[in-house]
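Student: Residue numbers (the working numbering), protein chains in the order written: chain A, 1 to 147; chain B, 1001 to 1149.
Watch out, some of these pointers could steer you wrong.
Said to hold, decoys possible - Pairs of lysine to aspartate or glutamate, EDC-like flavour, derived with a Cα cap of 20 angstroms: (1) K1097(B) to D1027(B); (2) K132(A) to D1101(B); (3) K95(A) to D1027(B).
Keep in mind the hints are simulated off the structure, nothing from the lab.
Nothing here was measured: the structure is a model prediction, and the numbers come from that model.
Listed below, chain by chain, are the residues.
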Amino acid sequence: MRIVPCCILLLAFVSASAQTVLPIDPQEARLLSLENAWNQAVRAKDMKAIDSLMDQDLIDIDYDGSVMTKAQYMASVSAPTISFEHVANDSMQVKIYGQSAIVVGVYRETGMKNSKPFLHRERFVDTWIQRKGAWMCVASQSTLILH
Amino acid sequence: MRGKVLAVVLACLFALSAAAQSASDRDADSKIRALETVWDRAEEKGDIGALNLIFDRSMIYIDEDGSLLTKAQFLNRARNESGSYVQWLSSSIVSVKIYGDTAVVVGNYTVKGVHGGKPHQWSGRFIDTWTLRAGIWLCVVAQSTPVLR
């Protein structure tokens, strides 16, 4: 007889836990998955995937202040002198403003550049625009986290 | 004959629509540029009222050292309550791109001021994103990156 109340309590607990973890808007979830897809594409140097995420007009300001167009950004990722070992985001926040959205987060990357290891920890802002139902990144900027 | 007339009418409507969109984008472009200038002068003067008006409530600012500031934290700094403030600020806009109710501004800046209680001068690049709300452009996110090379 005690099993029923215990089950109800367990279900209530699971439900409350799920509500705590999962109250995410589908568009927010979509944008977070695109950010993760971007990281995977960089690590794998999957230029086709990167191309599909970025608007033709993309402007990128890299952690060193250099400004790149989409073509320049893609060339920087595909360069044979660089390889990516670990690429990941954390602390991401998504804000949606109608047909546009911003994603703010912390980006960590490790790898080798010109035969030297590198490790960057950067704060980034990506601006996305929804076009014909698809989110495209139009601007991306990174700043090294010094503290 | 009717088909040709319809095609001409549609072409005219499309052209008018495109012209109206273009005029709207030009209008937005000039407003955004003016707001960027307002921002520069307000930051120099520590004009918190002006900054408060042009920032969205949820505005996020990423500083040159990668720290994340809320609108309140940014305004507190502009009030010179943290030992860091701007004395002179010069910025140049590289591009303004309008995507409907969103504008993305890319530019360069040089700042002379006090950072952590010490005189400091630095240069960097920024992207500011603005959104149109009830006919008013508000900055929702801004980021600065020092030029390292």
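Student: Each of the hints needs a verdict: does it hold here or not?
Tutor: Tested hints:
1. K1097(B) to D1027(B): The hint holds at about 12 angstroms.
2. K132(A) to D1101(B): holds (16 angstroms)
3. K95(A) to D1027(B): violated (26 angstroms)
In this structure, the one hint that does not hold is number 3.
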